[in-house]
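Participant: Sequence:
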Amino acid sequence: MNETTQTGELYRAAVTRGRTVLLVVAAVTLCMVGVAYAPLPDSGWRVALILGAAAVNAFLVAGHLMHLLQERYVVYFLLAFTVLFFVALMGLCIWAHGDVPHPGAGPAKG
1 MNETTQTGEL
11 YRAAVTRGRT
21 VLLVVAAVTL
31 CMVGVAYAPL
41 PDSGWRVALI
51 LGAAAVNAFL
61 VAGHLMHLLQ
71 ERYVVYFLLA
81 FTVLFFVALM
91 GLCIWAHGDV
101 PHPGAGPAKG
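1 is the number of the first residue of the sequence shown in the numbering used here; add one for each residue after it.
Be a bit skeptical, because a hint or two may be false.
What the hints assert, rightly or not - Derived Cβ-Cβ restraints for the label pairs, each shown as a range: (1) His67 - Thr29: 30 to 38 Å; (2) Ala62 - Phe85: 15 to 23 Å; (3) Arg19 - Ala62: 14 to 22 Å; (4) Ala62 - Thr16: 39 to 47 Å.
Everything labelled a hint here was simulated from the structure, so no lab data went into it. Positions of the beta carbon are idealized from the N, C-alpha and C atoms, including for glycine.
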């Protein structure tokens, strides 16, 4: 098998996967619209179902159409950096919470 044939097969597989993702996104969106008009006894169920479908759509769009599944290590690095930064800032706030103001500091006299 030559390189051109392999490239063509990879391209066809990517196009097929993209079409499948778009069809699933369209189907989930139609389900969301159907749930919005469905006669459910409690509106809480309607909201929960629509939010679940929106989460599925968000995963499909972010993971496949924005290629975030292929960039998994970059995403994990940024997530870990964000968590460490948050922990460091919270630690700084907790550490500085007990600071006593300087004896000469106080309200301005005037």
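Participant: Compare the structure with each hint and give your call.
Facilitator: Hint check results:
Between His67 and Thr29 the beta carbons are some 21 Å apart, a value that contradicts the proposed interval 30 to 38 Å. For Ala62 and Phe85, the Cβ-Cβ distance of about 22 Å falls inside the hinted range of 15 to 23 Å, so the restraint holds. Taking 14 to 22 Å as the suggested C-beta distance range, the pair Arg19 and Ala62 conforms, at roughly 18 Å. Judged by the Cβ atoms, the range 39 to 47 Å given for Ala62 and Thr16 is violated: they are separated by roughly 20 Å.
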